Structures are given as structure tokens and as C-alpha cells.
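Trainee: Once you've looked at the hints, dock chain B against the given chain A.
Read top to bottom, the protein sequences are chains A and B. Just so it is clear: in the first sequence, position 362 is 1635 by my numbering, and no numbers are missing. Just so it is clear: in the second sequence, position 98 is 104 by my numbering, and no numbers are missing.
Treat each hint with caution, since some may be false.
With a straight-line Cα cutoff of 27 angstroms, these simulated BS3-like cross-link-like pairs (lysine-lysine) come out [said to hold, decoys possible]:
#  : chain 1 : residue 1 : chain 2 : residue 2
1  : B       : Lys-17    : B       : Lys-102
2  : B       : Lys-171   : B       : Lys-102
3  : B       : Lys-17    : A       : Lys-1471
4  : B       : Lys-154   : B       : Lys-94
5  : B       : Lys-13    : B       : Lys-93
6  : B       : Lys-165   : B       : Lys-93
7  : A       : Lys-1471  : B       : Lys-113
8  : B       : Lys-137   : B       : Lys-93
9  : B       : Lys-137   : B       : Lys-102
10 : A       : Lys-1471  : B       : Lys-14
11 : B       : Lys-13    : A       : Lys-1471
12 : A       : Lys-1776  : A       : Lys-1295
13 : B       : Lys-93    : B       : Lys-113
14 : B       : Lys-94    : B       : Lys-171
15 : B       : Lys-165   : A       : Lys-1507
Calculated directly from the structure, the hints in this document are not laboratory data. It should be emphasised that the depicted structure is a prediction, and the values quoted were computed from it without experimental measurement.
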Amino acid sequence: MSAVVDEQGHHADDHHDHGPEKGLLRWITTTNHKDIGTLYLLFALLMFFVGGAMAMVIRAELFEPGLQFVDPAFFNSMTTMHALVMVFGAVMPAFVGLANWQIPLMIGAADMALPRMNNMSFWMLVAGVLLLASTLFMEGGAPNGGWTLYPPLVLQPITVGKALPFAIFSVHLLGISSIMGAINIIATIFNMRAPAMKMMDMPLFVWTWLITAFLLIAVMPVFAGAVTMLLTDKFFHTSFFNAAGGGDPVLYEHIFWFFGHPEVYIMILPTFGVASTIIPVFARKPLFGYASMVWATGSIAFLSFIVWAHHMFTVGMPLAGELYFMYATMIIAVPTGVKVFNWTATMWEGAMTFETPMLFSIAFVVLFTMGGFTGLMMSIAPSDFQYHDTYFIVAHFHYTLVPASIFMLMAAGYFWLPKWTGHMYNEKIGQLHFWLSAISVNILFFPQHFLGLAGMPRRIPDYAVQFADWNMISSIGGFIFGASQLLFLYIVIDTIRGGTGEKVSDEVWEDAGKHGLEWTLPSPVPYHTWSEPPLIVPTEHVLDSH
Amino acid sequence: MNEKVGKKNAKLARILLLVAISMFGFGYALVPIYDVLCEWKWIERDRPDDIKKVPESAYIVDTNREITVEFITTLNESTPMVFWAEKKQLKVHPGKYYTVNFYAENKTDNDMLARAIASFSPALTSSYFEKIECFCFSEQTFKARELKTLPMRFVINPKLPEQYKTITLSYTFFNNTEKSLKK
Chain A
1274 MSAVVDEQGH
1284 HADDHHDHGP
1294 EKGLLRWITT
1304 TNHKDIGTLY
1314 LLFALLMFFV
1324 GGAMAMVIRA
1334 ELFEPGLQFV
1344 DPAFFNSMTT
1354 MHALVMVFGA
1364 VMPAFVGLAN
1374 WQIPLMIGAA
1384 DMALPRMNNM
1394 SFWMLVAGVL
1404 LLASTLFMEG
1414 GAPNGGWTLY
1424 PPLVLQPITV
1434 GKALPFAIFS
1444 VHLLGISSIM
1454 GAINIIATIF
1464 NMRAPAMKMM
1474 DMPLFVWTWL
1484 ITAFLLIAVM
1494 PVFAGAVTML
1504 LTDKFFHTSF
1514 FNAAGGGDPV
1524 LYEHIFWFFG
1534 HPEVYIMILP
1544 TFGVASTIIP
1554 VFARKPLFGY
1564 ASMVWATGSI
1574 AFLSFIVWAH
1584 HMFTVGMPLA
1594 GELYFMYATM
1604 IIAVPTGVKV
1614 FNWTATMWEG
1624 AMTFETPMLF
1634 SIAFVVLFTM
1644 GGFTGLMMSI
1654 APSDFQYHDT
1664 YFIVAHFHYT
1674 LVPASIFMLM
1684 AAGYFWLPKW
1694 TGHMYNEKIG
1704 QLHFWLSAIS
1714 VNILFFPQHF
1724 LGLAGMPRRI
1734 PDYAVQFADW
1744 NMISSIGGFI
1754 FGASQLLFLY
1764 IVIDTIRGGT
1774 GEKVSDEVWE
1784 DAGKHGLEWT
1794 LPSPVPYHTW
1804 SEPPLIVPTE
1814 HVLDSH
Chain B
7 MNEKVGKKNA
17 KLARILLLVA
27 ISMFGFGYAL
37 VPIYDVLCEW
47 KWIERDRPDD
57 IKKVPESAYI
67 VDTNREITVE
77 FITTLNESTP
87 MVFWAEKKQL
97 KVHPGKYYTV
107 NFYAENKTDN
117 DMLARAIASF
127 SPALTSSYFE
137 KIECFCFSEQ
147 TFKARELKTL
157 PMRFVINPKL
167 PEQYKTITLS
177 YTFFNNTEKS
187 LKK
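So that you can see chain A by itself, here it is in the shape it has in the complex (with noise of 0.2 angstroms):
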């Protein structure tokens, strides 16, 4: 491994290496791949905390209660802007941050396939969130009607105020930036890839990230297509959704569900490569089962296309629909399984070690198993008209995605912040972020559970008082969890300024080389780096498959 080490730094001292432009400028008109991916996750960072603020503000309100803080609208806004800054600029951009840095490290490739495209993608994103945020100062406030806009509702105006057509505005920009970064991201890997590296021979991460970047472009646009049927309904007099032109707002929910179930893999999928990634490197074992691993990605992926009324059983289906919708949803359990029992395959009898990125990675193992199955709860037809609705689907959902895409974005932080800024973060602090943050999710997202099968329904600011109680406790856990990630935040903020002040090793983790070729780069990664092509690349990573 430490020839081609060598030799890519004997070439690197070929080239006339540039470093970063000076100043202010070099953010703004760069196509470097690690430059852009720093501007993705930082600003993925601030909209974290940005919508995290925005669900603070909910759980203040549901404290108590009774109305205590602010109106009804402005809490539905809340609700509302919560979900779309957290899905779209907060974990998606996240995740395109990771694929910018990584992909062409982990692959071998000197940077992404189109640049500048690849800049453009950033900066429409920044449009999109501006565009999106500008809403909560208009007339009328943010959109209230939920974030997935359903008609009649959202058409209604007391709901829509003057923010609709921004917000539809933004969902076309945030489309459009995903569509570009997904074309970017699927280029790179087909075509710049080291030559010695096959498809099969590609860690997980990228392999997740193809699959995800297939499934952006297959939903994006029909997103972005049934955004465009509510603007063109309600100021083009169309009527795909109106009952009284012969629309029907059910078509709604089948288009946008239709895009919605596969873009809830789009936040889950880079997760599950993370996952593979960290736990081979800190359990010293090839991860068990690649190929199997690369399957059930492909085959969770192709599913998500085919069960999206699921999100829709009490709308009044036909029971061969209903039962059709049910079991196929209950098949990606088997998918699924193989995946979580791959990850605790590659710990068993490995020598572990607990470090943060592993802490992180272990509790998302734990915990997203628990989302898992109330999702496998919810895909009983019958049954979820209980749980539709209520603060049982809020919990699912919040499990899916906090302790696990979130969770595995922080460990993602840990595992190569070290790599990437040549300093290693404190230890200390990142094991008291990650159990108050284990502890806390716990503490605000488990009662949830209860509160939705006694009945509370979601998106409401006032509750019945036998919901109290439970509501108090997650409110309690919500506010140490949001607490909790001022620690990341200064982890990061340290780490980039030096962190202990220990220097890194290239391989940063003990035998990380055998997982990665990122890890057969310096510490810190130079500004340029494979300007040729690694010629042997690790397979440690798919030992098990070979």
C-alpha cells in the first residue's frame, strides 16, 4: 500500500500544484470537490441548526398544554419549515457534502466529473433555502399546511398567504440543485474511477451514493411536476387537484408519495454506506457480506418505488390495493435485515474498539432496528389507521432519520475530520456528545410512541390532557438533545482549528488503510490529490465477496 502512497506524492511534485485561491472569492467561484463539499456540509450544519431551532420552538409550545407561546399558524409554519429545512438543507445537502469530498478520494479520481456544475449545484441550493426562508417574513406567514403541501389545503387562503408560489419557487431550485449534484455524482463514479478499481471492488459508500443519485433523478422531477400542477391550479385556473373542475386531490398524494417513499431512501441509503464504512474499520474486520450488501441497496432502492400508497392506506384503496401496498412494503423488511445483521456479522468477534464514529455507528445499528420496525407496524393496513396521523408515525419517522441519517452524519464528522484537517478532535467531548445525545433521542422520541397510539395527532399546537405528561418528557429530551449539538458544533469548530494539537497519522485509524484509499493520502488530504490513479486499490472491504 505505501508504493502508491509514494507514488502519488512523487507525482504530485510533478505538477505545478496551485493550492486554494486567496481570500473570500475562492468559496464562491471554486470546483474544487473537497472546497465544495466543506461549503455543503458547513452550510448543512447551519440549516441543522436552523431547523433544530424550529422544532425547539414546537416542543416549547407542546411543554404544556394549552397555547403558551405562539399562534396556531406560525406553529403549523413551524412544523412545516422544520420538515422541509431538515430534509432538504439540512440531511441532503449533508450527504452531497460527504459525496464531494469522498467519492473521488475513496474512487481515485482528481475531482468530480463536472466541476463546475458541480459549483452551480451548491449555489442553486443556497438560492432555493434563501427563497424558502423569505416565506417566514411574508404576509401570511411560512406555508403552514404541512411539508408535504397537500391540496385542498395548501390551495386554501388562510394557508397559503403569499408564500406558496415562493415555496414551490424553492422546491424547483432544490430540485434542480440535487438533479445536477446526482448527474455529477453518477458521472464521477462511471467514468473516474481508478482503473484498477472495478464496480465490484467500490466501497459501500459510493455504491450507496450511485443507487441514491439513480433514485434523485428518477423523483426529483416528479416532485418538481406536482409542485408545478398546485402553482398552475391555483393561479392558472388548471384543475388537476380541484374536485370542481374533475381533479381529484388524491392524485396529489400519489404523485407526491410516488416521489416521497423513494426520497426517504434518498436520506437513508448514504446512511447505510457510512455505516458500512465506519463499523469494518473499528471492529479490524472486512465488512461481512459486501456484495450481499450491494444487493439489498439495489433491491431496497427498486422497491421504493413500488409501495408509496402506503403513506395513503386510509384514503379509501380497494382492498386488492390495500393488500398489495401492504405486503410489498412489508418486503423491504428483507432487504433491511440483511443489511442490519451484515453490520452486527462484521462486529461479531471483531476487535472493537469504541471510539465516537463507532459509538455513533453502533447506536444507529441499535436504533434505526427500532424505526425499522414501527415502519413494519405502519405497513399493516389495517392497523395503521390507528397510527395514521398520529405522534406514532412523528416517532417512526424521527428514528429513521435522527438517530440514524443524523446520527451517522456525526459519525461521519468523527471519522474523517481527522483526515481531512490533519487534527484529530477531543476524544472526551465527543463521547459526552454522543451519549447525551443517545440518551436524549431516546428521551424525546420514545413517548412519542405512546402519545400517537393513545391518539394524539400530529401538526397541533394544543393537546387533550392525558397527553401531558409524556408531552412534557419529550420536550424535556428534545431540549437536551438540542443542546447536545452546541457540542458538535464546537468539535468541529476546534477540529478545524487544530483539535488536541495531536498530529495524525495518514491512516488516522489503526489499519484504516486496508478499508479505504483515502486513508493512503497524507493527513491533511492535499488541495489536489489523485492527479493519477492509484494502481492497486485496498480490498480489504470485499474480501468476504472475492
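Mentor: Using the frame of chain A, we list chain B on its own:
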């Protein structure tokens, strides 16, 4: 990046962009696909505005059963009308034909085109509620300030499952003047 790879990248990007654009089109194609699937009753049990005129058939009147049919009349917020049914409810025997009159008055000084959309509760009863004649089958034209009598003739299919004792039928009038004139 050499020129060959650059060309390959541009080509792949163009193909993927085409895929994205066609998926935008597919979103719109879902509209007619949805209509067809609904007609086949694959994904929706019944569309309330789909109730087709059925020919008057001779059922055996089941005088042992009495079902309460309730009528609800609603106006969409953009519809300046007055709209009511001659009766709030009617006790009926399955198999027997009844006519109920509805009344709607245009409160504006302009002509109005309006469409009534039906909705049933419980939804499952809609396929047993057979309408022979209904103002909801087509768009209604109202002259300025006109008061119209709108009859609805129906029968309840005696096959209606035993457990249903009450059927609530709701009509909502939507003002379509602007939309219909645009066409």
C-alpha cells in the same frame, strides 16, 4: 482530466439530464394513468363525481328495511349561492324509487356556472346508491339571481349490506364560472 474523459462525462450528463426531463413528463403522465386506474378501481374505491346515470331497473321493494338518508348541502367559499334540500332526511325502503328536490339560488347579478360534487358517508354505500337523475351529472347554468329547482331521483340497491342504517349524502356546489369561460 483528459479530453476523452471530458467528452464521456458530457455525454453521460446529457443522457441523465434527458432522463430527469422525461421523469418530469412522467409526473404529468401520472394524471391520465391515475384516471385509468381509478376507472378500473385499482387504486381508488369510488370517485364521488363518477356516479354514472343508471337505467331504472325493477327491484323488489324491501319494506322490512328502513334506511335513513340524510342530505347535507354545502357551498364552496367562492360560490355566492344559497343551496338547500327540501328535506333534511328521508326514510326509504331499499328497491323503491324516490325523488328529492334541491334548490339553489344565484345571489349575484351575473350568470354563473356551477358544479355540485357528491360525497357519501359511509363511503362504501356509494356503490349501492343508484341515481337515475341528478343535477350533479353536469354543470349547471344559473342566470343572474335565478332560483333553480334541482331534482335528484335515486334508489337504494336492496343488496346494500345489512349493517348500514344511515347514509349521509353531501353535495358541495363549486363556482366554475371563471374556469369554464377560460376553456
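Trainee: State the violated hints by number, sorted upward, taking the hints as numbered earlier in the document.
Mentor: 1, 5, 7 and 15
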